[in-house]
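Colleague: Listed below, chain by chain, are the residues.
2 protein chains.
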Amino acid sequence: MLVSALLTSVGINTGLCFLFFILYSVLRKQPINYEVYVPRLLAEGKSRRRSHFNLERLIPSPGWVKKAWQLTEDELLSLSGLDAVVFMRIIGFSLRVFAFAGVIGIFILLPVNTSGDQLTSVDFADLTNNSLDVFTISNINSGSYKLWFHFSAVYAVTAFVCYLLYYEYNYISSKRIAFFYASKPQPEQFTILVRSIPVAQGGSVSESVDNFFREYHPSSYLSHVVVRRTRKLRNLINDAKKLYKRLIHLQSYPNENDQRSCCFGLFRRRVDLVDQYEKKLEDLEENLRMEQSEVSLATDEVRAAFVSFNSRYAAATAFHMQQSINPIQWITEEAPEPHDVYWPFFSSSFMKKWLSKLVVIVACILLTILFLIPVVVVQGLTNLNQLEVWFPFLKSILTITFVSQVITGYLPSLILQLFLKIVPPIMEFLSSIQGYISHSAIEKSACNKVLWFTIWNIFFATVFSGSVLYQVSIFLDPKNIPSKLAVSVPAQASFFIAYVVTSGWTSTSSELFRVIPFIGSLVMRPCVKRNPDDELEVPSIPYHRDIPRILFFGVLGITYFFLAPLILPFLLIYLCLAYIIYRNQFLNVYAPKYETGGKFWPIVHNSTIFSLVLMHAIAVGIFTLKKLSLASTLIFPLPILTLLFNEYCRKRFLPIFIAYSAETLILKDREDRNDHSMPEFFERLETAYQDPALLPIQYSPHTDDLNAPLISSSTAV
Amino acid sequence: MLVSALLTSVGINTGLCFLFFILYSVLRKQPINYEVYVPRLLAEGKSRRRSHFNLERLIPSPGWVKKAWQLTEDELLSLSGLDAVVFMRIIGFSLRVFAFAGVIGIFILLPVNTSGDQLTSVDFADLTNNSLDVFTISNINSGSYKLWFHFSAVYAVTAFVCYLLYYEYNYISSKRIAFFYASKPQPEQFTILVRSIPVAQGGSVSESVDNFFREYHPSSYLSHVVVRRTRKLRNLINDAKKLYKRLIHLQSYPNENDQRSCCFGLFRRRVDLVDQYEKKLEDLEENLRMEQSEVSLATDEVRAAFVSFNSRYAAATAFHMQQSINPIQWITEEAPEPHDVYWPFFSSSFMKKWLSKLVVIVACILLTILFLIPVVVVQGLTNLNQLEVWFPFLKSILTITFVSQVITGYLPSLILQLFLKIVPPIMEFLSSIQGYISHSAIEKSACNKVLWFTIWNIFFATVFSGSVLYQVSIFLDPKNIPSKLAVSVPAQASFFIAYVVTSGWTSTSSELFRVIPFIGSLVMRPCVKRNPDDELEVPSIPYHRDIPRILFFGVLGITYFFLAPLILPFLLIYLCLAYIIYRNQFLNVYAPKYETGGKFWPIVHNSTIFSLVLMHAIAVGIFTLKKLSLASTLIFPLPILTLLFNEYCRKRFLPIFIAYSAETLILKDREDRNDHSMPEFFERLETAYQDPALLPIQYSPHTDDLNAPLISSSTAV
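Just so you know, the sequences run in chain order A and B.
Read in order, the letters of the first sequence are residues 0 to 716 in numbering that gives the first Met the number 0.
Read in order, the letters of the second sequence are residues 0 to 716 in numbering that gives the first Met the number 0.
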């Protein structure tokens with residue numbers, strides 16, 4: 000790829016970004032778009048839905064940038080919880096890493112690279128006609144002493160990254176503990192989930208739980224809630240909810256009905272319709288209540304229960320110790336937050352769960368294989384000659400410079416990015432059938448899956464473009480990995496630089512512009528009119544989509560910084576954009592749905608350590624290839640030291656992210672001892688883990704307050 | 000190797016075994032050998048040291064076989080603890096496996112193998128002139144349907160072994176729990192070891208421990224013992240003990256001194272000598288006492304302490320939970336039995352421990368490499384032509400049939416065995432500097448090391464005889480492992496059959512005869528005369544030497560049963576011998592030194608699963624090599640199922656071997672509640688973990704009772 004192709008791509012994307020920024024600055028001020036751009040403020044009542052028109056509303060203003068910039072970490076913590084803070088720290092961490100690497104890369108390595116002439120001398124007269132490869136390490140002559148600059152850079156950046164990793168892990172650990180100390184008593188702190196409960200002949204699960212914990216934890220056991228199979232009920236409730244929404248809509252806009260019936264597609268008399276819906280809803284609710292009372296009998300009990308204790312320490316003790324002589328009975332787990340419980344999990348049988356796990360593994364493998372098809376096609380695009388062989392009729396078009404530049408510089412990564420968009424939802428679905436008991440655990444697992452999928456399918460598939468079997472064969476022959484990496488990785492430098500510009504820049508600005516919700520609202524607006532009393536659904540940030548994306552750019556940056564330092568400025572711009580935009584989104588758009596207390600950080604740490612070791616492997620290969628064997632030998636201690644450092648961090652910090660220590664729990668328990676609200680809390684605790692599907696439901700209009708149904712049931716279904 | 004060579008080897012070894020049996024039957028009845036053959040009975044006072052001479056003492060009698068045979072498992076349990084029971088069950092388990100495999104192998108596979116003619120038809124007229132290879136799978140024609148017999152045998156034996164593994168794991172788990180329930184209160188049940196204790200400025204470790212546990216475990220904390228650095232003290236005590244022994248010897252045999260001084264090598268006047276020794280001993284003890292009082296001051300404190308609680312459950316809770324906010328402080332571990340503590344561990348500093356670990360890894364690698372030298376030489380012996388090339392002058396000798404048969408059939412495995420003898424002590428030493436806090440943990444780790452060393456250095460080094468690099472390269476190319484195994488493993492069948500006969504048979508009979516202790520006592524007897532009041536040191540069985548040996552024969556049997564079924568009868572004879580001989584040794588020779596409660600079993604389980612999967616890999620290779628690709632495809636589910644089974648067992652049984660459950664502990668605690676001896680026990684508990692080097696020592700004769708020094712100090716040093 001030539002410099003000019005890259006510049007084309009940069010030009011297109013800068014234009015797009017500006018367009019998005021300006022559009023956003025204007026559109027966000029239109030009340031009609033409040034639901035898309037400030038749903039959070041709207042839900043909190045901080046923004047009025049309709050305001051009077053003024054001219055200012057049509058002029059783009061960067062006020063939101065200032066607001067986002069001024070947001071402090073403490074404010075963010077109180078607004079969106081610790082997870083949001085951790086998310087912003089990922090970006091901050093990456094910024095610092097690449098600022099450091101950028102200084103080294105641009106001011107030292109780039110001049111060194113251009114000074115070589117292994118490939119060709121740089122044509123300073125006509126910069127844009129140079130191949131991007133002259134800015135990479137490939138341009139340095141074999142055996143040149145200049146490679147020691149790269150060697151030193153590898154050592155310096157590794158040391159800096161490890162120092163930062165330690166600092167961040169330490170900081171987030173302390174934040175996590177402080178967050179726990181500052182928290183009010185929460186049901187999940189006092190509760191554990193017990194699974195595989197054995198039941199005596201003729202007894203019920205409830206009796207079994209009561210007997211066991213009264214026998215072995217008499218002084219601390221408080222109460223329990225047995226989990227029931229509620230798949231049927233949840234379906235019924237969903238039906239009732241839909242019906243109710245329709246009904247409300249009909250009642251709220253009596254006059255609009257006739258005009259709008261075009262959307263429903265048929266003409267009916269309104270009154271009849273309302274009566275009919277009301278009747279239907281009543282029937283449904285009757286049905287529901289019967290089903291509920293049936294489920295409440297012992298027949299549909301699952302062998303699992305939420306067991307509550309009178310102190311956090313007692314709950315933690317029960318969680319940490321194997322309870323029964325038989326290790327596969329009375330299995331204890333930490334309870335998630337009540338609204339974080341993934342209830343459908345409990346409805347499936349043991350065999351089904353086991354099979355789902357197998358299915359998930361197979362599905363992940365299949366997805367990986369199928370995904371290679373678009374990747375290979377995309378790789379063909381960067382190679383124009385190949386394309387001309389495949390589609391000879393394109394020859395004439397491809398000779399136009401601009402077209403060929405767009406095709407090589409912009410199209411490949413755009414196509415890739417579109418395909419990548421579908422991966423996070425698929426991975427989330429796969430995780431949800433894999434057997435996690437909470438939404439947060441599902442998201443964490445999906446986050447990991449998406450990350451490794453991206454690294455495998457974008458990084459390795461692009462680098463070793465070829466069949467799956469070829470890729471696998473490389474990893475089955477471990478001693479040749481460095482040399483193969485050394486040949487293939489630098490060759491793809493230009494593709495990844497373009498990838499950062501297209502995928503990175505566009506994804507952040509489209510995140511700001513919220514393309515899909517915006518289009519959605521545009522399409523829906525003429526058909527469905529919201530009831531102003533309707534509860535607005537505030538979205539939560541999909542960590543499993545955004546964290547892997549940022550981390551993947553981290554992997555690219557760390558592996559390429561010494562090969563092709565030109566990638567760094569583009570990365571830095573991406574990170575700066577992300578820094579401002581995500582802060583803005585936390586302020587205006589996303590509300591937290593659950594709180595893991597920073598449990599996403601270990602994923603970041605592991606991925607960074609992986610990138611470092613990958614970078615070292617590439618360095619070993621490169622220095623061998625460039626016939627500087629002393630340097631490649633001297634790199635060897637680096638991965639070992641990095642892994643030792645990782646081992647230390649695992650010991651020093653990871654346990655903090657898994658469970659709280661005895662010291663923490665006992666101190667927190669003592670603090671509560673004098674709290675007068677505790678008896679009330681314990682009373683609420685008894686029913687905190689009630690399956691929402693079993694709570695009384697009242698949608699039908701034969702009640703006084705129509706607008707206050709027990710909506711709580713809707714959140715967790 | 001020809002059948003006749005194998006028969007020669009069998010002949011020699013049968014002769015040796017008989018010789019050992021007869022010698023043992025006679026020698027064990029001679030009072031002079033009681034210390035070698037019945038030290039345990041002697042120490043327990045069940046056998047008088049000297050009895051009158053009678054003729055019966057000179058006639059070999061098999062009475063001991065009957066006695067050993069009649070020993071029940073309960074008797075063994077009460078005599079030698081659960082570890083001995085587990086040890087005997089390893090042999091019983093192997094016996095059952097190979098009896099089943101033996102029936103299939105001898106009655107089905109062996110006739111099938113001989114019926115083939117891939118190599119050569121069997122010469123039934125002159126059986127001894129056949130090569131052993133005609134009895135192996137190599138003799139079956141490629142693509143023959145007969146291979147389906149082998150295929151079925153692989154499935155049948157895998158199923159049977161897994162069933163037995165499950166049964167044994169279950170049985171031993173229940174035994175372990177029953178053993179715990181039946182145990183009296185033991186200090187280790189109420190105690191944990193706490194390490195990495197942080198110390199406040201100016202404070203002592205003891206204060207720190209007291210404050211922490213009084214703060215966080217006020218209701219259950221009982222007492223603690225801070226560990227001190229006692230290397231110097233232990234050296235002094237050893238010196239004092241040596242001196243004391245000499246002194247006692249001089250005083251006990253006043254008249255013999257002049258005759259025996261030959262051994263001391265110089266002439267002196269006895270009285271002078273005694274006086275001199277007494278003076279020296281007194282000085283030494285004075286020195287010791289000063290050192291003790293110095294160590295007792297805070298200066299030599301290690302940041303570790305044994306902390307005792309008032310119930311087993313409280314101790315287990317403290318052990319299972321992370322105590323401090325900082326996960327690398329207040330690290331808790333289960334305490335070993337007081338006499339099992341490996342005190343020298345605490346004397347070394349953190350850096351030293353860390354370095355030792357690295358040294359151990361390097362040492363293990365070096366040992367593996369160096370050990371290949373004898374293995375390669377031994378392999379040369381089985382190949383006579385090679386030997387003639389190396390040592391041409393041997394040509395004339397090697398043409399003698401008997402000599403060549405001895406060299407190919409007997410010598411190779413004898414040499415290997417001699418080299419193998421030195422491995423267990425080396426591995427034990429390496430484990431002891433690796434950082435374990437108890438003798439039992441050291442032995443368990445050494446057991447694992449010896450096992451994998453044996454499998455790697457005997458099995459793989461023999462199979463892939465070649466350089467280390469060649470072996471490593473095979474494992475770096477995983478997809479070719481089965482085919483390489485399929486070529487190499489059957490080729491070594493005759494060597495391993497001979498190995499079972501020489502190494503197996505000889506090792507058990509020399510275990511019975513106790514060759515080294517016997518020779519030792521022969522040599523020492525004329526020089527040193529034991530004081531009858533001297534405490535007799537009863538040996539304990541070196542599990543790290545004997546368990547890997549039996550397990551390695553298990554690996555051989557499982558991998559070779561379908562390749563060369565001829566190995567099975569020899570294995571069965573070996574196991575029968577071992578069954579009787581080890582029971583006899585537990586009765587007469589070995590006394591348990593510590594009790595792990597059956598923690599050696601998981602090693603057995605893992606090694607068996609490994610052999611099964613290795614066997615499957617070989618089967619895949621063999622069926623591919625023999626062009627029966629359907630069979631090799633159908634074998635694939637087998638390793639997967641085996642590993643799934645292993646995973647289930649890890650969940651179902653392994654936790655039982657790591658820690659006791661809350662249920663078990665609470666029940667046991669409740670049982671003690673009405674026990675009147677508990678206050679007394681708790682009193683003793685306070686000093687149970689006192690470093691023996693710090694106990695008052697009194698050897699010098701200026702006390703009334705000279706023969707009652709606090710010998711306890713000697714056991715753990």
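Be a bit skeptical, because a hint or two may be false.
It does not matter which identical chain is meant; a pair holds if it fits inside one copy or across any two.
[Stated by the list, open to error] In silico lysine-lysine, BS3-like type, Cα no more than 27 Å apart, as pairs:
| # | residue 1 | residue 2 |
| --- | --- | --- |
| 1 | K356 | K650 |
| 2 | K592 | K183 |
| 3 | K650 | K592 |
| 4 | K478 | K356 |
| 5 | K650 | K351 |
| 6 | K65 | K244 |
Source of the hints: derived by calculation from the structure; they are not laboratory data.
These numbers come from a predicted model, not from an experiment.
Colleague: Next step is simple, just say for each hint if it's right about the structure.
Modeller: Structure-based check of each hint:
no.	hint	in the structure
1	K356 <-> K650	between (29 Å within a copy, 17 Å between copies)
2	K592 <-> K183	within (17 Å within a copy, 53 Å between copies)
3	K650 <-> K592	neither (30 Å within a copy, 34 Å between copies)
4	K478 <-> K356	between (33 Å within a copy, 26 Å between copies)
5	K650 <-> K351	between (36 Å within a copy, 19 Å between copies)
6	K65 <-> K244	neither (39 Å within a copy, 87 Å between copies)
Of the numbered hints given earlier, the model fails hints 3 and 6; all others are met.
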